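Protein chains: 2
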Amino acid sequence: MENNLSFIPIGGIGDVTKNMYLYEYKNEILIVDCGLGFADETMLGVDLLIPDITYLKNLQGKRIVGMALTHGHEDHIGGLPYILPELPQFPIYATNLTAEFANEKLKEYGITPRVQKVNFDGGDLRLGNFILNFIRVTHSVPDSSNIFIKTPVGNFYHGSDFKLDLSPFDKKKTDYKKISQLSKEGVLCLLSDCLGSERKGHTPSESTVTAAFEEEIENCKGKFIVTTYSSNISRVNQILQVARKTGRKVCFIGRSVIKAKDITQRLGYMKIDKGMEISTKQLRHYKDSQVVLIVAGSQGQENSALARIVDGEFKEVKITPNDVVIFSADPIPGNEISVYALVDDIARAGARVIYSELSDDFHVSGHGSSEELMLMMNLINPKMVLPIGGTFRQMVAYRGLAEKQGFERKNVLLLEDGQEVLFDRENARLGRKLDLEVVYVDQISGEEVEGFVLRDRKRLATDGVIVILAEVTSSGQIDNLDIIVRGLSNQEASDIQKGLAKEIKIQISQKKGIKDRFYLRKFIVEVAEKSIFRKLRKHPLVLPVVIEI
Amino acid sequence: MENNLSFIPIGGIGDVTKNMYLYEYKNEILIVDCGLGFADETMLGVDLLIPDITYLKNLQGKRIVGMALTHGHEDHIGGLPYILPELPQFPIYATNLTAEFANEKLKEYGITPRVQKVNFDGGDLRLGNFILNFIRVTHSVPDSSNIFIKTPVGNFYHGSDFKLDLSPFDKKKTDYKKISQLSKEGVLCLLSDCLGSERKGHTPSESTVTAAFEEEIENCKGKFIVTTYSSNISRVNQILQVARKTGRKVCFIGRSVIKAKDITQRLGYMKIDKGMEISTKQLRHYKDSQVVLIVAGSQGQENSALARIVDGEFKEVKITPNDVVIFSADPIPGNEISVYALVDDIARAGARVIYSELSDDFHVSGHGSSEELMLMMNLINPKMVLPIGGTFRQMVAYRGLAEKQGFERKNVLLLEDGQEVLFDRENARLGRKLDLEVVYVDQISGEEVEGFVLRDRKRLATDGVIVILAEVTSSGQIDNLDIIVRGLSNQEASDIQKGLAKEIKIQISQKKGIKDRFYLRKFIVEVAEKSIFRKLRKHPLVLPVVIEI
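Top line first, the protein sequences correspond to chains A and B.
Start counting the first sequence at 0; every next residue gets the next number (numbering that gives the first Met the number 0).
Start counting the second sequence at 0; every next residue gets the next number (numbering that gives the first Met the number 0).
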């Protein structure tokens, strides 16, 4: 046990987001990534999820030797401001742009920036017993890396988000040579992105998108409006290129795209010619046919710049029939309703809208497809593979690919979050299972939202709320009973109001003077819930208020 | 005006579901279809939507001469039990299976079945000034029809849901001959399904699915489990065919698939060999490799048969690693989260799961793609076209196809629900715009849910509820103030409780004795909402309770 390497995913397995992985050897812990998760429609009023770090808060003599961040996406670095203040000090490392994004985020939350930069050609980085090497890979944000991790037990290839694009926009290809060289020393386990494992073939190159943009902008008589993920820097660079070619000015709209632009421009990852960029206020000096707008809101988010423009809340920009609006991003599962509602609204304004159902030409995934995932297995030639960063069905599809490449099923490790795997030099076996909670964060307050609050909200959302106001005499007799109903239909409310007061009174009188207020409240809730469920098949939240008169 | 033909969609435009269309000439109204809509996640606690028939309830001397139903899907007939009781008597017509489905539905709701059957070769059906001809088309339920409607102003082709499948499973092809013959007389307007307008080429034939099923069942060592829409009768027939070929027994699980099977089997649309069907109780007498299960729940619905099997709530059937589970249906937009959660759970149980992201081979759409929609325009050669049964973006894509076929933009009518079009013999122009409400139905009670109730629920769902209990003296002084908070985090609740009581007391004392209870309540709500929003940026539902002591 003592000489095993323990690997524990505390986020990112069976779930695309909130990536956070622990490598543990003896009393040393190495953390890779610290991501956020995004709430779906079933998580009412919650915006974010963070990994449960209870395990790291009770170190019991262990020590965190450091943290490495693979790339600058929210689901890999977004948890930092919530999680770092909860943990002891340790060094954090990332490549140039990743570190910059992470530090900017910490500053925003009033935390001292402390992510240190590593070079792709910087050689070994020693963190206790772990030796790290950052390897450049292609993905939809520059400076994305995979990490080669040497441990006393064996070598691990931490292959988070990548694709193998042979003609990326920034010309910086995956470092195949470094992968091969390091892997020569033998790799015990390849941890691999598996998000694209259901797709056949190769993910098309980023460069295929340029041609589609060029054709479309040539035929555009009005504003050329593009929305994409703000972190998709190479996409924005492509848009800048077509703007340059056609002599259009560029205007960035929306907090997130402006922030990403500022950072990447400062570091030289985005080049904007002098005089090419204009502000929203300057827009009125130009004809529609002279501008390109790069706008936040590709997921149809309610308060995003694009949604507000379409709603007419943005006085500098209106959608007109000559405009072309391109969604250069796929809807994330769960966002379809809001994305398509926005598409419909833009179409109603008369503009030409292009989105993924209509054309695949304006977006390519940042994740490798089957062939790329299999190629990676071959380049690295590990003893075992372990899919990360995907849903369970994608992990199963990845296993299919691995089996095609000759891996035995026992050497394909499908985990769940919290499930430890213990590696020795030859084998792997399951270890402890941490009991992880889902940690919800309210984006407005930044505070954690407890699970019971969400359960209350779900009841409130579907079944409404009932306040029962009971005025009781000092002898425990109910003198008066008022019922307030909200979130139920008029008919249901009157059904409830009709018999309920009487029923509660009768049942309480049978109990003959309940003096204990707590008990009385509980009793009122019980009677009310039963009665309402019998009548309406619903479980509204019942709030009893007892007043002694 | 008097001699115009008025067309009013009251559901089904800009919205795939709740199809209901009115054709009006002088004082006569013809209704086509009477469908349901399905709630999405944003409609909390609501299950169904129905068309707003206020206009039909105030006929003002007009008369409904009849209703025609195009096919047996819920979004075309599901509104009948809610709507028929609200309207005067009139005859209703549909083809064989459609009538049967509709009458069965009426019976279920305790309404006398009254849909009359028409034959595809029955010739003219006269309803007042309207002459109807039902034309067979291919779609994903047998006996689907388009309707050729002759009016004194001109001919209309009511082309709801269709595709042009040249090798449908039941061998009953679209009646191209009848379409051409009737269209020879000239068609003023083609109303056309536009759901598939974004897809290039032709929708593959139903028959392509058979090969995929055959291959998969041959390699299946356990139970062969298929889930599809219960109304997709030809799909079920295909599954029966592969079961027959491999000598497996068939078991139907789930209320909706059993109901559809019973009706179609009785009418001869589904043939099950003697001894081939077994009940869930008989399953234990057979090996897994001897059975095919046809199970309801392809959309991941919480209480569906498939979800319950996967949850282990179904004692007769468990998912095991040798099983193959096929989702022979695409997720309807908005259902992705629940469908994929179910897929993941099945994969966790070790079974092979096949779903649309993984393979397109096991499902084809019931709606025609671009080429079929354009072919229909050419067969019918109308003066104008009007897309129905799609979202706005699909209507826009349909317009693109029509323009490719030489239609001028003014002859492509893009409407909204409630927008009347007035046709004379040559032209069309917009008429009145009915102010339609969205009518929500609670499936448990079958009652309408008012819009304000939904707004309350949304606030409750995201921002919680606060009850403020104020005990006031007869002179209007607040003696005591209690605050109950639910649906907010502990931190937020304590933030609210800290200062709010004091703030309300101070502000009310400045008002010097408000005696009016209504006004006092309103004032408490105002103060509380402002204060809470200032602190938390939230708008919980505030319920004031004022008691005089």
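Among the hints, a few may not be true.
Stated by the list, open to error - Residues of chain A clear of chain B, computed beta-carbon distances all greater than 12 Å:
| hint | residue |
| --- | --- |
| 1 | Q59 |
| 2 | P330 |
| 3 | L487 |
| 4 | N489 |
| 5 | P543 |
Unchecked claim - Okay, derived cross-link-like pairs now, DSSO-like style, lysine-lysine, Cα gap no bigger than 27 Å in a straight line:
| hint | chain 1 | residue 1 | chain 2 | residue 2 |
| --- | --- | --- | --- | --- |
| 6 | B | K248 | B | K106 |
| 7 | B | K497 | A | K521 |
| 8 | B | K171 | A | K457 |
Please keep in mind that the hints were generated in silico from the structure rather than gathered at the bench.
Predicted, not measured: the structure shown is a model, and the values here were computed from it.
C-beta: ideal position from N, C-alpha, C; glycine also.
Tested hints:
1. Q59: holds (28 Å)
2. P330: Non-interface label fails for P330/A: nearest chain B Cβ at 9 Å, not farther than 12 Å.
3. L487: violated (7 Å)
4. N489: It is violated; N489/A is separated from chain B by about 6 Å at its closest Cβ, not greater than 12 Å.
5. P543: violated (9 Å)
6. K248/B / K106/B: violated (31 Å)
7. K497/B / K521/A: With a Cα-Cα distance of about 26 Å, the restraint between K497/B and K521/A holds, given a limit of 27 Å.
8. K171/B / K457/A: violated (48 Å)
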